[in-house]
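Using UniProt numbering, read the sequence shown as starting at 1 and increasing by one per residue.
Hints are computed from structural coordinates only; laboratory data are not their basis.
Here a beta-carbon is modelled for each residue, glycine too, at the ideal position from N, C-alpha and C.
There's no promise every hint is true.
Taking CB as the label site, the calculated pair distances span [said to hold, decoys possible]:
(1) T44 with E124: 41 to 49 angstroms
(2) A132 with H81: 27 to 35 angstroms
(3) Y30 with S109: 22 to 30 angstroms
(4) D34 with T116: 17 to 25 angstroms
(5) P52 with E124: 36 to 44 angstroms
(6) T116 with P183: 18 to 26 angstroms
(7) G37 with A91: 21 to 29 angstroms
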Amino acid sequence: MEHALKILGKASSINVRKVLWTCEELGVPYEREDWGGGYASTHTAEFLRLNPNAQVPVIIDEAGVLWESNTICRYLAGKHHNTDLLPHEPAARARVEQWMDWQATELNSSWSYAFTALVRKDPEFQDPHHIAAGVRGWNQKMGILEHQLATTKAYVAGPRFTLADIVIGLSVNRWLMTPMERPDYPAIDEYFQRLAQRPGFLKYGCNGLP
Numbered sequence: 001m002e003h004a005l006k007i008l009g010k011a012s013s014i015n016v017r018k019v020l021w022t023c024e025e026l027g028v029p030y031e032r033e034d035w036g037g038g039y040a041s042t043h044t045a046e047f048l049r050l051n052p053n054a055q056v057p058v059i060i061d062e063a064g065v066l067w068e069s070n071t072i073c074r075y076l077a078g079k080h081h082n083t084d085l086l087p088h089e090p091a092a093r094a095r096v097e098q099w100m101d102w103q104a105t106e107l108n109s110s111w112s113y114a115f116t117a118l119v120r121k122d123p124e125f126q127d128p129h130h131i132a133a134g135v136r137g138w139n140q141k142m143g144i145l146e147h148q149l150a151t152t153k154a155y156v157a158g159p160r161f162t163l164a165d166i167v168i169g170l171s172v173n174r175w176l177m178t179p180m181e182r183p184d185y186p187a188i189d190e191y192f193q194r195l196a197q198r199p200g201f202l203k204y205g206c207n208g209l210p
């Protein structure tokens, strides 16, 4: 018997929002509990038994406990046999996962200092040289995305919307909402407008949160 999906994590977290948007695309019902950053602590023994990294999101269903947001998105698409979001054919699937992994490694790490300084206003991240370097690095990674979107003229992994667009679409929203100088990237602008036609993006991506 399939149990209701439980999602642990506050709705403002960019990584939790990946999972929420995926559920929206799949039509999957869920229960969500607020954890992390002002809510229940992820450093309690209770939570650490679920995720020793003390990070959200965590999901719980009849298969057990799972963490790492991009992995959770892949799991949910596979569980519900959605080959539009995550193709079955190996090469097409690998192209989607390649960009998901790029988001989690190259892109995610590029915004760390600048976002913490400019949006979170952390007093320990206010060195102007580091901020400038962070902005340059972030914009450089977004330039890679610009080139890819100018090539596909549609979505990140090709002509169809996939999981890669969920994880990268949220990242694009964060980039656009951070108060900093950005190059003119017309393909990203057009991509953002395409995403804005999807109810899940309006609900969990382009919803006023960086």
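Verification of the hints:
1. A beta carbon spacing of about 25 angstroms between T44 and E124 contradicts the range 41 to 49 angstroms that was offered as a hint.
2. Evaluation of the 27 to 35 angstroms hint for A132 and H81 yields a failure: the beta carbon distance comes to about 47 angstroms.
3. Take Y30 and S109: their Cβ atoms lie about 29 angstroms apart, and the range 22 to 30 angstroms holds.
4. Restraint check, D34 to T116: a C-beta distance of roughly 22 angstroms satisfies the suggested window 17 to 25 angstroms.
5. Between P52 and E124 the CB atoms are about 25 angstroms apart, so this pair departs from the stated range of 36 to 44 angstroms.
6. Take T116 and P183: their Cβ atoms lie about 21 angstroms apart, and the range 18 to 26 angstroms holds.
7. Against the hinted window of 21 to 29 angstroms, the Cβ-Cβ separation of G37 and A91 comes to about 39 angstroms, which falls outside the hint.
Against the hints set out earlier in the document, violations occur for numbers 1, 2, 5, 7.
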